[in-house]
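K.L.:
Sequence:
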Amino acid sequence: MYTIDKATIKDATTIHKLVNNFADHGQMLARSLAEIYENLRDFYVIRGDNGEVIACAALHISWADLAEVKSLAVSEERHRQGLGEMVVKACLEDAKALRIPTVFCLTYKPAFFLKCGFHEVEKNALPHKIWGECYRCPKFPNCDETAMMLSLAEVNSV
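Read in this note's numbering, the sequence shown has 1 at position 1, and its numbers run on one by one without any break.
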């Protein structure tokens with residue numbers, strides 16, 4: 001049985017390691033420990049049997065009508081157990097509770113987000129305000145992530 005919780009201060013270093021493990025393999029963008037701490041309130045974590053963080057994702061509010069699911073990572077030995085879907089669902093439930101109608105992501109794993117109900121969109125369809133952190137990315141302006149979006153107004157049950 002897994003527990004989904006909001007992240008705590010004690011989780012920050014584990015979140016950092018999880019995210020950057022995938023970043024080291026070119027599967028997501030790296031995050032500094034400072035970024036994790038600054039955005040800790042955005043994160044959900046899934047804990048294993050002994051309380052260790054085995055998955056994480058963040059819901060970052062971009063504007064009144066838009067939020068982003070970001071920094072989704074699942075411990076490699078826990079892949080294919082539905083943990084990614086569980087933590088994304090927690091983010092989407094949070095967005096619904098906050099009455100944010102649209103959630104997007106930028107991803108290297110579009111097939112996963114398709115399973116979660118997202119659909120692919122052109123990057124230029126996203127508002128300019130979401131590109132605030134992109135200028136720090138070494139891949140800017142040649143982003144190779146796939147932009148995906150989900151309208152929560154169209155979703156009956158997340």
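Take these hints with a grain of salt, some might be off.
Calculated lysine-lysine pairs in the DSS-like style (CA-CA distance at most 27 angstroms, straight line) [to be verified]:
id, residue 1, residue 2
1, K109, K123
2, K115, K89
3, K6, K109
4, K89, K109
5, K96, K123
6, K10, K115
7, K96, K109
8, K96, K6
9, K89, K123
10, K17, K89
11, K6, K89
Don't read these hints as lab results, they were simulated from the structure.
K.L.:
Confirm or reject each hint.
P.N.:
Here is what the structure says about each hint:
no.: 1; hint: K109 with K123; in the structure: 15 angstroms, holds
no.: 2; hint: K115 with K89; in the structure: 11 angstroms, holds
no.: 3; hint: K6 with K109; in the structure: 24 angstroms, holds
no.: 4; hint: K89 with K109; in the structure: 16 angstroms, holds
no.: 5; hint: K96 with K123; in the structure: 23 angstroms, holds
no.: 6; hint: K10 with K115; in the structure: 31 angstroms, violated
no.: 7; hint: K96 with K109; in the structure: 23 angstroms, holds
no.: 8; hint: K96 with K6; in the structure: 16 angstroms, holds
no.: 9; hint: K89 with K123; in the structure: 23 angstroms, holds
no.: 10; hint: K17 with K89; in the structure: 22 angstroms, holds
no.: 11; hint: K6 with K89; in the structure: 13 angstroms, holds
In terms of the numbered hints stated before, the structure departs from hint 6 and from no other.
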